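Participant: Spelled out, the chains give:
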Amino acid sequence: MKKASFFLLAAVLVIVACEKNDTNANSSSTSTGKGGSLARFTIIGNYLYAVSSHYLYTVDVSNPSNPVKSGQSALNFDMETIYSYKNRLFIGSRTGLYIYSIDTPSEPRLIGEAKHGRSCDPVVANDSVSYSTLKGNTYCGPATSGLYVYDVKNLSQPVLKKTITMNDPLGLGIADSALYVCYTEGLKVYSIKNAYDPVEMKTIPGTDFADVIPYDNILICWTNGGISLYDITDRLNPAFIKKITD
Amino acid sequence: MRKYLWLLMAWTLTSCWKYTNNNTGDPAYTSQKVWGYKPVYATESAAKKISYLASSQIAVSYGNIYAFRNYIFQIDPGFGIHVIDNSTPSLAHKIGFITVRGCSQISIKNDKLYTNSYDDLVVLDFSDLQNVHEYSRLNGVFTEYKFGSPISTPPGRGYYECPSYDRLVTGWVMDSVYTSCYQ
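Sequence lines, in order, name chains A and B. Under the numbering used here, residues 1 to 246 are what the first sequence spells out, in order. Under the numbering used here, residues 1 to 183 are what the second sequence spells out, in order.
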């Protein structure tokens, strides 16, 4: 009897864990939209959180006709990007990944960090894993360029699980078990069925993909010539639809 | 001999004059002028005024993207926001442009679009895409964006006249400029 209970518990945990891996794929039913990993604004709940290089700003937007600033914290991080997931903010900076709790939404509180060598780093995350790309170059810093995978189940101690070196990666996005990573020569598609071990499935060639937003079954790509749209009904096989130019 | 000493002193003094008249205090390049970018200024109220054109506009440059239902928005850093109709992705196209000078970021909640115009948080109502307009504003929120928004630097590489910190830049033109700033 005890063995059966154990397996039942394990099964429940696996199911719950797998559900939680389903990040941000379906967006049309929500009241907020979706930005990319290079965003510096994010709205979650009743608050807008924004970063500039040295400050994190908090604004109460529960009443859009009367937004109220609730805070501004000075941080020495050279911040680049902000990403929100449930009650957490993931802030990418040139010196590391900083994780904030917004359990008290008006007062973000630093709860964890993973430092790295100087570089630019956007980040996407869910309950258990975060993916950052680090871009080391003369502007961003000397760190090794690549995709960095962190176990963030314990947010106060992110653990680096895997590094995949690549040239000048930039924005990234998750849709179910697919991870899309932009880099200067195109877009890479990874299977993240095993969240901590991305497996490269496909590379879409092209110049300068900067960032992507997976939105329902469309991958919206910010590229150097305009916005490109791909069909991602088959998550691991983006199919080109259109490039929106002038 | 004294005559030559005076001459030497006079020459030394006049050569010092080269070091005074450039507001960046950069001695070596004061007298050099090159073809570069020059900032265009406006009063704060003119710079921060929002307007909308319900037709496709050419982008100056391409910035952050944002998706909301059947629309995609793309920041044109420092200049405004392009509105794209994505109801049928294979026919996606630009349908409008919101002039928001000093803009760099965007987020949307409940049919209200949140963006910045320099250091102001601006809330826009886009429920009618023939008439996107300002809904509310909170002044001076993003202190670092006042003179640090994308419009504070020119849209291309090269020399430019450094913008002053007492006026807001609303654009750039090519002109003969001192080689005071470079990107």
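In short, the hints are calculated from the structure, not lab data. Bear in mind the structure is a predicted one, so any value in this text is a computation, not a measurement. Yeah, the Cβ is synthetic: ideal placement off N, Cα and C, and Gly gets one too. Any given hint could turn out to be false.
As the list claims (entries may be wrong) - Interface residues of chain A toward chain B, partial, derived using beta-carbon atoms under 7 angstroms: (1) 39; (2) 67; (3) 71; (4) 75; (5) 222; (6) 240.
Stated by the list, open to error - Once the Cα atoms are required to be at most 16 angstroms apart in a straight line, the calculated EDC-like pairs of lysine to aspartate or glutamate come out as: (7) A:69 - A:80; (8) A:243 - B:85; (9) A:161 - A:176; (10) B:49 - B:120; (11) B:112 - B:128; (12) B:33 - B:175; (13) A:243 - A:231; (14) B:112 - A:151; (15) A:242 - B:134; (16) A:69 - B:175; (17) B:38 - B:161; (18) B:49 - B:134; (19) A:69 - B:120; (20) A:193 - A:103; (21) B:146 - B:120.
Participant: Each hint: holds or not?
Facilitator: To see whether the hints hold, each was checked on the structure:
Against a cut-off of 7 angstroms between C-beta atoms, the interface hint on residue 39 (chain A) holds, since the closest Cβ of chain B lies about 6 angstroms away. The restraint placing residue 67 (chain A) at the interface with chain B holds, with a minimum CB-CB distance near 4 angstroms, inside the 7 angstroms limit. The beta carbon of residue 71 (chain A) comes no nearer than 11 angstroms to any beta carbon in chain B, farther than 7 angstroms, and the hint placing it at the interface is violated. Look at residue 75 (chain A): its Cβ only gets to about 11 angstroms from chain B, farther than 7 angstroms, so that hint breaks.
Here the hint on residue 222 (chain A) is kept, as its CB sits about 5 angstroms from the closest CB of chain B, short of 7 angstroms. Hint on residue 240 (chain A) is violated. Least Cβ distance to chain B is approximately 10 angstroms, over the 7 angstroms limit. With a CA separation close to 21 angstroms, the supplied pair residue 69 (chain A) and residue 80 (chain A) exceeds the 16 angstroms bound. About 13 angstroms separates the Cα atoms of residue 243 (chain A) and residue 85 (chain B), which keeps this hinted pair within 16 angstroms; it holds.
Restraint check for residue 161 (chain A) and residue 176 (chain A): not satisfied, since their Cα atoms lie roughly 20 angstroms apart, outside the 16 angstroms limit. Between residue 49 (chain B) and residue 120 (chain B) the alpha-carbon distance is near 11 angstroms, which keeps this suggested pair within the 16 angstroms criterion. Restraint check for residue 112 (chain B) and residue 128 (chain B): satisfied, since their Cα atoms lie roughly 11 angstroms apart, inside the 16 angstroms limit. Distance hint between residue 33 (chain B) and residue 175 (chain B) is fulfilled; the C-alpha atoms sit about 10 angstroms from each other, no more than 16 angstroms.
The hinted pair formed by residue 243 (chain A) and residue 231 (chain A) meets the criterion: a straight-line CA distance of about 12 angstroms does not exceed 16 angstroms. Of the supplied pair hints, the one linking residue 112 (chain B) and residue 151 (chain A) is violated, its CA atoms being roughly 35 angstroms apart against a limit of 16 angstroms. Taken as a hint, the residue 242 (chain A) and residue 134 (chain B) pair is broken in the structure, with Cα atoms around 31 angstroms apart against an allowance of 16 angstroms. For the proposed pair residue 69 (chain A) and residue 175 (chain B), the alpha carbon gap of about 40 angstroms is over 16 angstroms, so the pair is violated.
Of the supplied pair hints, the one linking residue 38 (chain B) and residue 161 (chain B) holds, its CA atoms being roughly 5 angstroms apart against a limit of 16 angstroms. Among the hinted pairs, residue 49 (chain B) with residue 134 (chain B) is consistent with the structure: their alpha-carbon atoms are about 9 angstroms apart, no more than 16 angstroms. The straight-line distance between the Cα atoms of residue 69 (chain A) and residue 120 (chain B) is roughly 11 angstroms, inside the 16 angstroms bound, and the hint therefore holds. Restraint check for residue 193 (chain A) and residue 103 (chain A): not satisfied, since their Cα atoms lie roughly 29 angstroms apart, outside the 16 angstroms limit.
Our distance criterion of 16 angstroms between C-alpha atoms is met by residue 146 (chain B) and residue 120 (chain B), whose separation comes to about 8 angstroms.
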